[in-house]
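Q: Here is how the chains run, residue by residue.
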Amino acid sequence: MSPIELLETRITGVVRAVTGAGEQELVPQSRLSGPMPWVIAIMVTMTVIAMAAGLALRNTVVSAQAGLEGGITVQIVEPRAGERQAQSKAALERLRALPGVTGARLVPQDELDRLIEPWLGSDGGSASTMAIPVPALIDVQLAEQASEARVGQIRAALAKVAPAARVDAQSGWLEPVYDAIASLQWLAIALVLLLALALAAAVLMAARSALGTNRETIEIVHLLGGTDAQIAKVFQRSMGVDAIGGGVVGFALAVVVILFLGRHFAGLGAGMVESGALGWNDWLLLAMVPVAAALLAMLTARLTVMHALRKML
Amino acid sequence: MSQPAGDEIVQFDNVGLRYGTDREVLRNLSFTLFPGSFYFLTGASGAGKTSLLRLLYLAQRPSRGAIRMFGADAITLPRERLPMLRRRIGVVFQDFRLVSHLSAFDNVALPLRVAGANERDLRKPVTDMLEWVGLADRMDARPATLSGGEQQRVAIARAVIARPQMLVADEPSGNVDPEMAVKLLRLFEALNGLGTTVVVATHDVHLLQKVPDSLIMRLNKGQLGDPTGALKFPPARDASPVRPARPSA
Ligand SMILES: Nc1ncnc2c1ncn2[C@@H]1O[C@H](COP(=O)(O)OP(=O)(O)OP(=O)(O)O)[C@@H](O)[C@H]1O
Ligand SMILES: [Mg+2]
Chain A
1 MSPIELLETR ITGVVRAVTG AGEQELVPQS RLSGPMPWVI AIMVTMTVIA
51 MAAGLALRNT VVSAQAGLEG GITVQIVEPR AGERQAQSKA ALERLRALPG
101 VTGARLVPQD ELDRLIEPWL GSDGGSASTM AIPVPALIDV QLAEQASEAR
151 VGQIRAALAK VAPAARVDAQ SGWLEPVYDA IASLQWLAIA LVLLLALALA
201 AAVLMAARSA LGTNRETIEI VHLLGGTDAQ IAKVFQRSMG VDAIGGGVVG
251 FALAVVVILF LGRHFAGLGA GMVESGALGW NDWLLLAMVP VAAALLAMLT
301 ARLTVMHALR KML
Chain B
1 MSQPAGDEIV QFDNVGLRYG TDREVLRNLS FTLFPGSFYF LTGASGAGKT
51 SLLRLLYLAQ RPSRGAIRMF GADAITLPRE RLPMLRRRIG VVFQDFRLVS
101 HLSAFDNVAL PLRVAGANER DLRKPVTDML EWVGLADRMD ARPATLSGGE
151 QQRVAIARAV IARPQMLVAD EPSGNVDPEM AVKLLRLFEA LNGLGTTVVV
201 ATHDVHLLQK VPDSLIMRLN KGQLGDPTGA LKFPPARDAS PVRPARPSA
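Listed in order, the protein sequences are those of chains A and B.
By the working numbering, the letter at position 264 of the first sequence is numbered 264, and the numbering carries on one by one without gaps.
By the working numbering, the letter at position 66 of the second sequence is numbered 66, and the numbering carries on one by one without gaps.
No wet-lab data here; the hints were simulated from the structure.
Treat the hints with care, since some could be wrong.
[Claimed, not checked] Taking beta-carbon pairs under 7 Å as the criterion, some of the chain A residues facing chain B (in silico):
1) Thr-217
2) Leu-309
3) Leu-313
Owing to the predicted nature of the structure, the values given are computational and were not obtained by experimental measurement.
Backbone N, C-alpha and C define an ideal beta-carbon position, used for all residues, glycine too.
Please put together the full structure from these sequences, using the hints given.
A: As structure tokens, this is what we get:
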């Protein structure tokens, strides 16, 4: 017994329990579509993976944008270390007192060192003791977007307490990166749409071939007084069981791939990947793919059989 | 028309049938079948026996004329009411039409299941019926593993299992030995004795003599002859045995 067949035996029981406990079948379940559950499984796997990639990219862009849009950098450009420290402290206090500021953080010295290390090298010693004066940095988070007007307000507020302050909105420097990610996201959406289309086509073909191989049975039951609804139900259920079997296998495979890839990306340690992690609502959306495939399969089977029956007297 | 209302089980009035745009394979058929009668339908190969039976078991609508069945107008009856009518008709198809992936048992049980019979209630009648046609030991066999004659007996068992009001059999003894043919005929007669109208198409003239009270319909190139005069309405069972065919056109 193949894994799908094993699964389907279970599913048949569940489906039967859901659609009418103990109800006897007109024509016992027969394996309708041979390779079709596998085709559906593969299509579901690819669709789910593409969709997961798209969702992860979207999460990255959304969280990064949220961080950038309300973000402001204040530099205290003052060569004298003492004065720089004093102005930084004053600016920090002033900023925290301002309405609409949700957070203000003085970037610690070692972090600053690491930031400039690629440009100045580490042998020059710490930024605080270096001959080249490095400005102090303050990260500011605003409740709302860092518009030009808002930046101007803050600039004005800081002018008295820290004349050496230079205020800039953070957005801008990462823009090209996020543009690229956004276009990747569009690619993922296009892929998902194409795969969904192919999945629908596979399901349609499965229903058609099931109808073809069972046309004789359908005709006989029809002539023995079976109603359209009775006959459609038999095939709807068979197709549903096939599609759910394929869908579950495909989804499980996709989950394994996604978790595996996720672990590897997490290994990079980049904050961006963490912000792109899938939330429970994303997983819910992904789980809808096999469900949608099964529903589509059942609906297609029903419509195909009903259509064929209506051509008979 | 002046025939007694409600008495007849089937009534054809000037019925014609053509497949596609071909010539008519059935022409000007007017006859009445009465409850509890036993009819033989004979005629040369290609005379239209199967075509006429297809009209009787509601697999086909005629191209013209009127058909009443079980008191309903079979031409204008909405499609969704046909299944209920079909369940009152047992059919032995010329090519058996057994469901290939079902066992002999399940094939015979099919009409009962279609009618929604309880699984517990159908075990015994199906087993008994298969025993009666001599297939007690082949109940779990698939049609493909049965001989032609065995398949035919399964088909007959399936046709009579639900005690239909009308039984339509197309060459039911074509594949069995004469002894079995007579035995099957006895089954039809027994069913007939219970009130079922029986219509048997056959070109086996020996069979006709085996059922003494039977009425004979003879098809000749799509037109109906009425040798016993039994098909006129009102029925003339005591009329002279041979009568001219009904006037055409
Ligand atoms: N589906 C069809 N399409 C077109 N022509 C058909 C069809 N079925 C039957 N015919 C034609 O209708 C005529 C009557 O056929 P039918 O099968 O009713 O004869 P029959 O009396 O049952 O013959 P047999 O004794 O050989 O079974 C034949 O000429 C046949 O070719
Ligand atoms: Mg025939």
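Q: Mind checking the CB of Thr-217 (chain A) against every CB in chain B and telling me if the closest is under 7 Å?
A: 5 Å, holds
Q: For the restraint on Leu-313 (chain A), tell me whether the closest CB of chain B is nearer than 7 Å.
A: Leu-313 (chain A) check passes; min Cβ-Cβ to chain B is 6 Å, inside 7 Å.
Q: Close enough to count: is the Cβ of Leu-309 (chain A) nearer than 7 Å to one in chain B?
A: Not OK, violated: Leu-309 (chain A) not within 7 Å of chain B, min 9 Å.
Consistency note: the structure conflicts with earlier hint 2 alone.
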